[in-house]
Amino acid sequence: MHASEVGLGLDDFFSFFTVLSNCAAVLVLAWGGLATSLDRPGVPHLLRGAATLYMVVTALVFAIALTDVETGMLPWTNVVLHQVMPVVMLLDWLLLPPLRPLRYSRSALWLLFPLLYLVYTLVRGPVADWYPYPFLDAFTNGYAHVALASALISVAFLALTAFLTWAGNTRRLRVSAQTHG
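One point on numbering: in my numbering, the residue at position 16 of the sequence shown is 16, and numbering is uninterrupted.
These are computed hints drawn from the structure, not numbers from a lab. For glycine and all other residues, C-beta sits at the position ideal for the given N, C-alpha and C. Wrong hints could be hidden among the right ones.
Pair by pair, the computed Cβ-Cβ distance ranges are [unchecked claim]:
1) L94 <-> A144: 16 to 22 Å
2) A151 <-> Q178: 22 to 28 Å
3) A63 <-> L34: 29 to 35 Å
4) G72 <-> F163: 41 to 47 Å
5) F13 <-> V175: 37 to 43 Å
6) G72 <-> R174: 40 to 46 Å
7) L111 <-> E70: 28 to 34 Å
8) T140 <-> L47: 17 to 23 Å
9) A63 <-> R171: 21 to 27 Å
10) E70 <-> A108: 17 to 23 Å
11) A65 <-> P41: 34 to 40 Å
12) R106 <-> D39: 40 to 46 Å
Using the sequences and the accompanying hints, generate a full structural model.
The following block contains the structure:
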């Protein structure tokens with residue numbers, strides 16, 4: 001079953017990567033706003049980068065695989081969760097880049113949560129008789145399809161991790177040169 005076919009309990013609701021990534025984004029933005037207003041250190045760049053990555057992937061997967069999938073949600077919620085928030089997080093990352101260089105080996109840690117999410121979803125799916133996304137539904141599509149979809153999304157995660165690390169480091173240098181030069 002998919003989300004549009006049944007009423008969602010909290011366990012199902014918080015089994016959507018979209019919901020989890022948006023929660024992370026809101027927490028990062030709230031923490032950053034509060035820290036700024038209190039003149040305290042901001043959000044660690046590894047957490048900001050992770051939340052940004054998850055939101056950008058959320059937007060990408062939605063645009064490619066889920067735009068025509070009935071979610072049972074109000075249309076504006078899809079716009080906010082899958083389009084507005086990813087742009088906000090990407091702009092936050094680019095306009096306020098990390099203060100120190102970010103090593104690619106460190107940003108690779110961002111990939112742990114999506115991997116754990118995939119394992120959780122594939123283990124929970126048969127037990128709950130429910131998958132949050134059609135492309136992860138092994139009952140309907142088979143494990144070969146799920147493996148292919150997971151591999152493609154993994155490539156997107158890897159490429160976007162490299163891009164966000166590069167972009168953050170590049171923007172950091174430019175912002176530093178503008179303020180010191």
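Do the Cβ positions of A65 and P41 conform to the proposed distance bound of 34 to 40 Å? Between A65 and P41, where Cβ atoms are some 38 Å apart, the hint holds.
Range hint 28 to 34 Å: satisfied by the CB atoms of L111 and E70? Holds - the Cβ-Cβ distance for L111 and E70, about 30 Å, lies within 28 to 34 Å.
Check the following: the C-beta atoms of G72 and F163 are separated by a distance inside 41 to 47 Å. 33 Å, violated
Starting from the range 29 to 35 Å, see whether the pair A63 and L34 falls in it by beta-carbon distance. Between A63 and L34, where Cβ atoms are some 32 Å apart, the hint holds.
Within 16 to 22 Å: is that where the Cβ-Cβ distance between L94 and A144 falls? Between L94 and A144, where Cβ atoms are some 38 Å apart, the hint is violated.
Within 40 to 46 Å or not, the Cβ separation of G72 and R174? About 44 Å separates the Cβ atoms of G72 and R174, which means 40 to 46 Å holds.
Does 17 to 23 Å hold as the CB distance between T140 and L47, or does it fail? 35 Å Cβ-Cβ, so the 17 to 23 Å window is violated.
Verdict for A151, Q178 (Cβ pair) under range 22 to 28 Å: Roughly 40 Å apart at Cβ, these two residues miss the hinted range, so it is violated.
Does the beta carbon distance between A63 and R171 stay inside 21 to 27 Å, or does it fall outside? 24 Å, holds
R106 and D39, beta-carbon distance inside 40 to 46 Å? Violated, since R106 and D39 (Cβ atoms, about 26 Å apart) do not stay within the stated range.
When you take the CB atoms of F13 and V175, is the distance between them in 37 to 43 Å? With Cβ atoms ~38 Å apart, the hint holds.
Is 17 to 23 Å a correct range for the gap between the Cβ atoms of E70 and A108? 36 Å, violated
Hint check: violations occur at hints 1, 2, 4, 8, 10, 12; the rest are consistent with the structure.
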